Amino acid sequence: MPEAAVIRKPRVLSRVFSAVRLPVGDPFAVVGLVIYALFIVTALSAPLIAPYDPTEILYTENYDLASDLLPGEEGHVLGTTSLGRDIFSQIVWGARSALLVGLTAAFMVAFIGSIVGLLSGYFGGWVDALLMRLADVAFGIPFLPFVIVISAFSEPSIWNTVIAMALVLWRDTGRVIRSQVLSLRSRGYVEAARVSGSSDLKIILRHITPNILPLSFLYGSIAIGWAILTEASISFLGFGDPDAISWGFMLQDAFNSQALARQAYHWFIPPGLAIILVVSAGFFISRGYENLLFPKLGR
Amino acid sequence: MTTLLSVKDLSIAYKVGSNDVVAVSNSGFDVPKGTIVGLVGESGCGKTTMARALTRVIADNARIAGGEIAFDGQDLAALPEAKMNALRWRDISFIPQSAMNSLDPVYRVEYQIMEVLRDRGGMTRRAARARAAELFEMVGIDKGRLRDFPHQFSGGMRQRAAIALALALNPKLVVADEPVTALDVIIQRQILDQLRTLQRELGLSVIMVTHDISVVAYTCDRTVVMYAGKVVEDCDTATLLNRPLHPYTMGLKNAFPDLKSAGSGVLTPIAGSPPDLADPPDGCRFAARCPFAAELCRSTEPAPLEVEKGHIVACHRASEAAQLRLEASKPQTWEAMA
Amino acid sequence: MSDSLIEMTNAQLHYKVGNSISAMMGLPSTVKAVDGVSLTLKRGESVGLLGESGCGKTSMGRVLVRLEQVTGGSARFDGKEIGQMKGAELQAFRSRSQMIFQNPFDAVNPRYSIRRTLEEPLSNAGIKRGEWHDRVIAALELVGLGDPEQFLERFPHQLSGGQLQRVVMARALILEPEFVVADEPVSMLDVSVRAGVLNVFRDVRDRLGLTAIYISHDLALVRYVCERTIVMYLGRIMEDGPTEDIVHAPLHPYTQALVAAVPTPHVDQSHAPLPIGAGAPDPRNPPSGCVFRDRCPLVQDRCASDIPQPRKIGTRLVACHFAGS
Ligand SMILES: Nc1ncnc2c1ncn2[C@@H]1O[C@H](COP(=O)(O)OP(=O)(O)OP(=O)(O)O)[C@@H](O)[C@H]1O
Ligand SMILES: Nc1ncnc2c1ncn2[C@@H]1O[C@H](COP(=O)(O)OP(=O)(O)OP(=O)(O)O)[C@@H](O)[C@H]1O
Ligand code: SF4
Ligand code: SF4
Ligand SMILES: [Mg+2]
Ligand SMILES: [Mg+2]
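Residue numbers (numbering that gives the first Met the number 0), protein chains in the order written: chain R, 0 to 298; chain W, 0 to 337; chain S, 0 to 324.
If you're looking for bench data, these hints aren't it; they were derived computationally from the structure. Treat the numbers as computed from the prediction; the structure is a model and nothing was measured. Do not rely on the hints blindly, as some may be mistaken.
Unchecked claim - Here are the computed lysine-lysine pairs in the BS3-like style, where the Cα-Cα straight-line distance is at most 25 Å:
#1 Lys329/W / Lys308/W
#2 Lys32/W / Lys252/W
#3 Lys171/W / Lys7/W
#4 Lys85/S / Lys41/S
#5 Lys15/S / Lys201/R
#6 Lys252/W / Lys142/W
#7 Lys201/R / Lys85/S
#8 Lys252/W / Lys171/W
#9 Lys142/W / Lys127/S
What the hints assert, rightly or not - Residues from chain S that keep clear of chain W, each with C-beta distances beyond 10 Å, as calculated:
#10 Gly72
#11 Leu207
#12 Pro262
From the three backbone atoms N, C-alpha and C, an ideal C-beta is built for every residue, glycine too.
The task is simple: from the sequences and hints, build the whole structure.
Encoded structure:
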């Protein structure tokens, strides 16, 4: 075989890689990526970075409760809460819950949405009708109230919140992927595979899925921001998991302790800022990524 | 007649692993203003590569390895991409061989045509819509079908939409890669007539890649024959068909079925396959399949020479062409090579 | 075993188009791509299918390989209704009938190497892996791709149009099917290669008894491989009979125009205008009566009211009220 061994990677493969490639051409997306990098590093190395256990009630050297310390006092970078917990450590650990919530929700949304989109688009007929009616129902559900209700009625835990979100958010992913599959299904090579006797499963896995992965990825990445924001709102409203330290929980804690009235900015601004930063960074990235996937039609 | 496009010594190489596949090698030809030039040759001989190089839409493993493409006083081979892009559609347009694939499946056909008209032609929405309808009429598609999605078109309709798009902004030069392959003879005739009308009225020039000798005979003023990455013959179409000088061109004629002459005898193919372009032979590239190959042919490459006025050929035995034509018209001559 | 392999009886394929809004506005909601076609193909027969762009040739082929199901009438393969096959029967049908797709640039997965493309049908048909390589090579050689090893690891965009078209053809022939719909199979091949490939077609037909529908706009080529020719217009069959007769003495006015328009490889051919204008009517809104009537030079009043049914004239079936008279 003369050339077999030396063939370069096909352009199409690199096109897919370019879809999964990071949107470094867009300045907003770059800022987003930097924020995300910091966020992920923080979340992963939380135990190393955080000086204290975020739930530990701390005491000063004089054995007084270390409550309501201002930033810098007694070596607490961001001060402490009314219960004497280290705010900086809570922010750091909060990053970890946010990442966990974001990633799980993203994965579930992308996964459920892709499966629904694939089945619905590929098989059409009653499968499609059924799944799309379900999607309509999901579209009819008001997102936040639904998540609140589910979280309130089930055991308060981050996971229930994540599942509740996934139950609603798959609809967008599902629809978009379905329409993509519809157009892929009529591509010549998919029909050719059918004529040469490939099973539906094989066609879906080999010929269709590789083309929708970038889309699943995009919608998953959009879901990260939503999930973090929602989890924060739920916790802030008090339906969250009381044992998990999250940014939303911190806000709620601050709110209940009248931090706002007492102008304890050091308590509620950091979690608020963290949420805003991470969520908007996420949206910048997905927007850049979307432009990369769907460049404006033009030639 | 002034020359609109002049290709000189052009070489284009594809990088395949560590090898260079030189798909077009030191070749050139001229397109006088207002003429239709045919580009013919065996499958894989580099016609598409040549056509794409002229519009600089080349594959990303391809590179212009040398030569120049003079168009209207500019060298397209060296033009910065931004300037080249400004020429596309308005001065040079391209109908790809994969024309049936060239529409985006996600948008309606009308939207895609109007996009070009408005973006590149600066037309208003209303003018663009009217022009789109006019273009569809030109290529024989009911304008009510402008609002279809590409997958609702038949193969030939998609090809015609691509032709319409290429003519949209009245370019000076249309590079058309097998534009009428999927069309029935009646529509084919309509489109070829349309091109000739535009040629006459607006001085349109066309480079038409095709394998169909009858399309060449019907439409092209001049014809360029390529073999294995080289131009081997280049002259006006009548001379090419009646008095070809290159043995490959002679062979082509035998393989072409002619409905209007009697008998459905067996077609005589040119046996064998073209050389590997990653490692072309010394001497004449056609030698392995040429019934007239001589000693010299295998060692020395024949240079393209203008043997008669306006008739360029690259063959050592061009001076004996009259005799060779006689032998080439007998099927046995070619069968002996199989 | 009956000697007919394919039977279509009054087969229809109407594509749904538009949406509920256009339907409310009274716009037509179907494209009648195939509209009442009846024909029988004997085993081992090669039939040419000719007709204007958009007249439904590909659609008819798609019905016969079950990419589409008839919306009316019936289409049978070896006595079985194609749309109703299931399970093992369908699986067997998939290796007995194949299609060579019209657009080679879309017919192969851009992510698949040529080798993988050709191995797919082999794997589906349960052929032992050990045989794959040799069969792939043999199929590529059959379609005239000399030195096939050099193509195996390439990807579709690294091939020329004609090379790709032959890969598509090789994929269809690799399982040695009984029936092939060849949709413009050699449209991108230059004449010298084409002659070789057409000879292969003739050879396969004679050797394996292949039954084939050969869609093309090129009458000269149809004549070279098919003893019988069918001419379609706007979803219907206009004329059906021995190729030689159709070439020499077309009976239907549309066929006459078609034959007259065939260009010749000579420079001195006539540039006289054609007997009919170009541009078929919209298949969403076909004319009443004879679908050809708005372009027909022989049209009379009756053509607008009565649909001409295929009539036997000599060796042929012709759908025209006045042909042959
Ligand atoms: N991207 C690529 N990478 C490597 N080789 C390529 C690439 N594109 C084309 N080739 C090779 O270069 C040669 C010339 O290809 P080209 O497409 O120019 O042929 P062509 O004359 O247009 O043929 P056809 O009539 O079949 O379309 C062929 O042998 C082809 O396999
Ligand atoms: N999926 C579809 N939805 C709606 N209309 C369709 C669809 N596919 C084809 N058509 C229409 O059906 C008619 C017949 O199409 P078909 O592809 O069978 O034509 P064809 O004879 O093969 O033409 P060509 O020679 O141009 O390929 C055309 O008018 C076409 O636009
Ligand atoms: S140079 Fe020799 S081998 Fe080449 S075409 Fe002429 S006669 Fe044939
Ligand atoms: S039936 Fe009438 S309109 Fe139709 S082809 Fe015959 S003469 Fe023409
Ligand atoms: Mg080409
Ligand atoms: Mg077709």
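Take a quick look at Leu207/S and tell me if its Cβ sits farther than 10 Å from every Cβ on chain W, holds or violated.
Holds, since 20 Å exceeds 10 Å.
Going straight from one Cα to the other, do Lys85/S and Lys41/S come out at no more than 25 Å?
24 Å, holds
Hey, Lys15/S versus Lys201/R, does the alpha-carbon distance stay inside 25 Å?
Violated, at about 28 Å.
Holds or violated: is the Cβ of Pro262/S farther than 10 Å from all Cβ atoms of chain W?
Pro262/S not clear of chain W: closest Cβ-Cβ about 4 Å, inside 10 Å.
When you check the alpha-carbon spacing of Lys329/W and Lys308/W, does it fall within 25 Å?
Since the Cα atoms of Lys329/W and Lys308/W sit roughly 28 Å apart, the hinted pair is violated (cutoff 25 Å).
Holds or violated: Lys201/R and Lys85/S, Cα atoms, limit 25 Å.
17 Å, holds
Straight-line alpha-carbon gap Lys171/W to Lys7/W, limit 25 Å:
OK: Lys171/W and Lys7/W at ~20 Å, within 25 Å.
Tell me if the straight-line CA distance from Lys32/W to Lys252/W falls inside 25 Å.
Roughly 28 Å between the alpha carbons, so the hint for Lys32/W and Lys252/W is violated.
With a cut-off of 25 Å on the C-alpha distance, tell me whether Lys142/W and Lys127/S pass.
Roughly 52 Å between the alpha carbons, so the hint for Lys142/W and Lys127/S is violated.
Hinted pair, alpha-carbon criterion (25 Å max): Lys252/W, Lys142/W. Please report holds or violated.
At roughly 40 Å apart (the allowed maximum being 25 Å), Lys142/W and Lys252/W break the hint.
Restraint check for Lys252/W with Lys171/W, where alpha carbons must lie at most 25 Å apart
32 Å, violated
Minimum Cβ-Cβ distance from Gly72/S to chain W exceeds 10 Å
Answer for Gly72/S: holds, closest chain W Cβ roughly 21 Å.
Violation of the numbered hints given earlier is confined to hints 1, 2, 5, 6, 8, 9, 12; the remaining hints are satisfied by the structure.
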